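*Asks:* Single-letter residue listing:
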Amino acid sequence: ETGVTQSPTHLIKTRGQQVTLRCSSQSGHNTVSWYQQALGQGPQFIFQYYREEENGRGNFPPRFSGLQFPNYSSELNVNALELDDSALYLCASSLGIQETQYFGPGTRLLVL
Amino acid sequence: ELKVEQNPLFLSMQEGKNYTIYCNYSTTSDRLYWYRQDPGKSLESLFVLLSNGAVKQEGRLMASLDTKARLSTLHITAAVHDLSATYFCAVGEVNRDDKIIFGKGTRLHILP
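Taken in sequence, the protein lines are chains U and E.
The numbering used here runs 20 ahead of the 1-based position in the first sequence.
The numbering used here runs 27 ahead of the 1-based position in the second sequence.
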């Protein structure tokens with residue numbers, strides 16, 4: 021059974037650019053959540069998708085958007101990148117909204 | 028707005044000792060998670076607690092939930108060096124937005 025995978029592993033962008041991060045869920049999981057973790061901080065919830073619909077959203081501006089596909093993989097898009105967007109971006113998949121979350125290895129984004 | 032407080036934020040303890048990490052939250056929740064994170068790594072799910080009085084144990088770690096007191100504890104029994112990591116609790120907010128809020132984390136250092 022394949023675990024949660026994320027791509028790319030590392031990314032460097034400049035301010036104002038746009039980025040797309042990808043997450044492949046664990047087999048059979050219909051729920052994907054995205055988190056931002058700044059260095060030395062706890063993860064901040066961005067949003068969650070359940071069966072292709074956004075189920076919950078944290079305090080992030082609209083330039084953070086997402087998508088979940090019919091195979092339950094997911095994308096996180098960030099437009100108009102800012103320096104403060106530099107962080108580790110984690111996705112987690114689960115069998116349902118209240119179930120155990122399995123995290124991917126993360127994507128480290130650096131915005132210059 | 029849901030707030031999650033963990034204490035202590037840093038804990039250094041000897042191998043073989045017992046200790047407890049506390050997680051308090053400010054409003055009604057329907058789920059509480061405990062995670063472990065090793066330096067430079069992603070998060071590993073430890074426990075999901077869904078109901079008042081829930082208790083779960085895995086090896087030397089035991090988690091409990093008191094929804095009336097809005098308190099969860101993570102108890103470490105006879106600590107070993109391999110348990111050194113940062114431990115996060117996270118709470119699911121019960122409202123339309125369905126956010127998941129993390130505590131700041133407890134950095135646990137176990138001395139041989």
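None of these hints come from the bench; they were simulated from the model.
Note that the structure is a prediction, hence the values are computed from the model and not measured.
Misleading hints may appear alongside valid ones.
The following label-pair restraints were derived from C-beta to C-beta distances [to be verified]: (1) E:K30 x U:L31: 28 to 34 Å; (2) E:A96 x U:G60: 46 to 52 Å; (3) E:N45 x U:P81: 40 to 46 Å; (4) E:K95 x U:E74: 18 to 24 Å; (5) U:P81 x E:S53: 22 to 28 Å; (6) U:L31 x E:E71: 45 to 51 Å; (7) E:V82 x U:L132: 32 to 38 Å; (8) E:K30 x U:P90: 32 to 38 Å; (9) U:L59 x E:E71: 28 to 34 Å; (10) U:Q38 x E:N45: 27 to 33 Å; (11) U:S85 x E:P139: 31 to 37 Å; (12) E:E28 x U:S85: 42 to 48 Å; (13) U:E119 x E:S53: 21 to 27 Å.
Cβ atoms here follow ideal geometry from the backbone N, Cα and C, with glycine treated the same way.
*Asks:* Could you run down the list of hints and mark each one as holding or not?
*Replies:* Verification of the hints:
1. E:K30 x U:L31: 28 to 34 Å: holds (32 Å)
2. E:A96 x U:G60: 46 to 52 Å: At roughly 29 Å between Cβ atoms, G60 of chain U and A96 of chain E fall outside 46 to 52 Å, so the hint is violated.
3. E:N45 x U:P81: 40 to 46 Å: Holds: the Cβ-Cβ distance is about 44 Å, inside 40 to 46 Å.
4. E:K95 x U:E74: 18 to 24 Å: violated (32 Å)
5. U:P81 x E:S53: 22 to 28 Å: holds (24 Å)
6. U:L31 x E:E71: 45 to 51 Å: violated (23 Å)
7. E:V82 x U:L132: 32 to 38 Å: violated (48 Å)
8. E:K30 x U:P90: 32 to 38 Å: holds (37 Å)
9. U:L59 x E:E71: 28 to 34 Å: Check failed, 19 Å falls outside 28 to 34 Å.
10. U:Q38 x E:N45: 27 to 33 Å: violated (50 Å)
11. U:S85 x E:P139: 31 to 37 Å: Violated, at about 48 Å.
12. E:E28 x U:S85: 42 to 48 Å: violated (23 Å)
13. U:E119 x E:S53: 21 to 27 Å: With a Cβ separation near 24 Å, E119 of chain U and S53 of chain E satisfy 21 to 27 Å, so the hint holds.
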